[in-house]
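Asker: Each chain, written out:
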Amino acid sequence: MTSASLRDVIHGGAGLIAAFLLQAALQRVAAPVLLAVNVFAVTVIVFAVLKGELAGAVMGLACGLVVDSFSLGIFGLAGIANTVTGYAAGYVSRKINVLLPSRMVVFIGLMGLLDFSLWVLLTSVFFGQAVPWDRGLVFVQPLLTAVLGTLTYTLIRKLKARRDG
Amino acid sequence: MSRFLKDNRKILILAGLLVGQLAIVSLQVPLGDQPSFFERGVFFLFAPLERVVHGVFDGAGRIWSRYIYLRHVEIQNQEMRDELFHLRQENILLRNELVRLKDIRDIEGVLGGKTGPFLVASVIGLDAANAYKSIVIDKGSRDGLKANMAVIDRNGNLVGRVVNPVSLRESMVQLVTDDNSAVNVRSAKSGVLGQLAGDVKNGRCVLKYVLASDESLAEGEELITTGYDKIYPPGIKAGRVVSIVADSSLFQKIEVRPYLNFRDLSRVAVLTRLPGERP
Numbered sequence: 006m007t008s009a010s011l012r013d014v015i016h017g018g019a020g021l022i023a024a025f026l027l028q029a030a031l032q033r034v035a036a037p038v039l040l041a042v043n044v045f046a047v048t049v050i051v052f053a054v055l056k057g058e059l060a061g062a063v064m065g066l067a068c069g070l071v072v073d074s075f076s077l078g079i080f081g082l083a084g085i086a087n088t089v090t091g092y093a094a095g096y097v098s099r100k101i102n103v104l105l106p107s108r109m110v111v112f113i114g115l116m117g118l119l120d121f122s123l124w125v126l127l128t129s130v131f132f133g134q135a136v137p138w139d140r141g142l143v144f145v146q147p148l149l150t151a152v153l154g155t156l157t158y159t160l161i162r163k164l165k166a167r168r169d170g
Numbered sequence: 193m194s195r196f197l198k199d200n201r202k203i204l205i206l207a208g209l210l211v212g213q214l215a216i217v218s219l220q221v222p223l224g225d226q227p228s229f230f231e232r233g234v235f236f237l238f239a240p241l242e243r244v245v246h247g248v249f250d251g252a253g254r255i256w257s258r259y260i261y262l263r264h265v266e267i268q269n270q271e272m273r274d275e276l277f278h279l280r281q282e283n284i285l286l287r288n289e290l291v292r293l294k295d296i297r298d299i300e301g302v303l304g305g306k307t308g309p310f311l312v313a314s315v316i317g318l319d320a321a322n323a324y325k326s327i328v329i330d331k332g333s334r335d336g337l338k339a340n341m342a343v344i345d346r347n348g349n350l351v352g353r354v355v356n357p358v359s360l361r362e363s364m365v366q367l368v369t370d371d372n373s374a375v376n377v378r379s380a381k382s383g384v385l386g387q388l389a390g391d392v393k394n395g396r397c398v399l400k401y402v403l404a405s406d407e408s409l410a411e412g413e414e415l416i417t418t419g420y421d422k423i424y425p426p427g428i429k430a431g432r433v434v435s436i437v438a439d440s441s442l443f444q445k446i447e448v449r450p451y452l453n454f455r456d457l458s459r460v461a462v463l464t465r466l467p468g469e470r471p
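Listed in order, the protein sequences are those of chains A and B.
Mapping to this note's numbering: the first sequence position 152 is 157, numbers consecutive.
Mapping to this note's numbering: the second sequence position 121 is 313, numbers consecutive.
One or more hints might be untrue.
Pairs of lysine to aspartate or glutamate, DMTMM-like flavour, derived with a Cα cap of 20 Å [unchecked claim]:
#, chain 1, residue 1, chain 2, residue 2
1, B, 445, B, 371
2, A, 100, B, 414
3, B, 202, A, 169
4, B, 338, B, 414
5, B, 381, B, 414
Read the hints as simulated data drawn from the structure, not as lab findings.
Put together the whole structure using the sequences plus the hints.
Answerer: What follows is the structure, encoded as structure tokens:
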């Protein structure tokens, strides 16, 4: 394993643990609106934009399986949705310029929507399970994913720029 | 061939990851509700992290309340709250039994053994994908917890049951609002029997298998467990009927608001005696 890919693995592991801790913290402070925030989708998309489509897909797989392990739903569904989203986010961000914050918000929002739509499609259409709409609160998810994702990405870029001098 | 593999390496890896996950989904089929080894492994690995976050928040709260804000009063208050919690649980369970059994001899015969021991647990996590399906509590097999033990809230209302995975120090609890949950209940007033199932779409429940011809059930009636399912002890309050719709189908469509309150679910009690288990 090269030092670059080892660094990616460490960054991915740290991102996954950070997402899990943030999710657990949100459960404590904002449990009623938990359905509106998908911390793992934010992590997958931002990681994919930073590291590329393959890293995004692997991150999606890891995040999805963690989500599914703490859910009574079908194990593997969130993993499939997150893997496709991670790959798509990494691929598209290499083809078009999404670095401007205004473009980044739209891009991450669309990727959040893709992740949400895939999950709903797999859950309700293919596996016949009920989706928790929670009086429409769940539809806010892509919007919050866009805002949180853009903020996270901007923060990481700034930290990286400061570190590189 | 090698050129094809090289040109399409990334898409082939993506396909491999997706096929792998489909295999994981397929592996679940023969297991039914039982979590796979892989799922258990991830749960065992990450559940302690949830406990850490819970501990950090609890610790921060304790520092404020104990050492900055009325230290001794808070300690005493906590002890009394714990005692009150235990007494309230016992009281509610005993009262439920008294309501259920009208004959005083029955009460004398059953009181000692029915309420059974219970264990107070803190809720350290909610279902990561669907908050109405399950919660994670901070007690596990080391504390004597097993699958199918009933769980009630601080007011003695039905919360759900312990399900696998149960790790050493953490367990998952299936909520009554999960659509795969099934609790045998009866109306406290009219005695109508039915099966209470969850409705994860809006965090409520539905009462199933009440015939359209049965008109004795009315809106506002309270539902309590019967114990016929051999999981939930009889007499636990589960919810209240909020709407009844009778159409051309064989059964009525009955919506139930569960007593379980998501905003007040920090602590729960696990009834540690399984149905049919001797004291």
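Asker: Each hint should be assessed against the structure and marked as holding or not.
Answerer: Okay, the hints, checked on the actual structure:
1. B:445 with B:371: Distance of about 15 Å is within 20 Å: holds.
2. A:100 with B:414: Violated, because 60 Å separates the two Cα atoms, which is more than 20 Å.
3. B:202 with A:169: 30 Å, violated
4. B:338 with B:414: Not OK: residue 338 of chain B and residue 414 of chain B at ~29 Å, beyond 20 Å, violated.
5. B:381 with B:414: 7 Å, holds
Hint violations for this structure: numbers 2, 3 and 4, all remaining hints satisfied.
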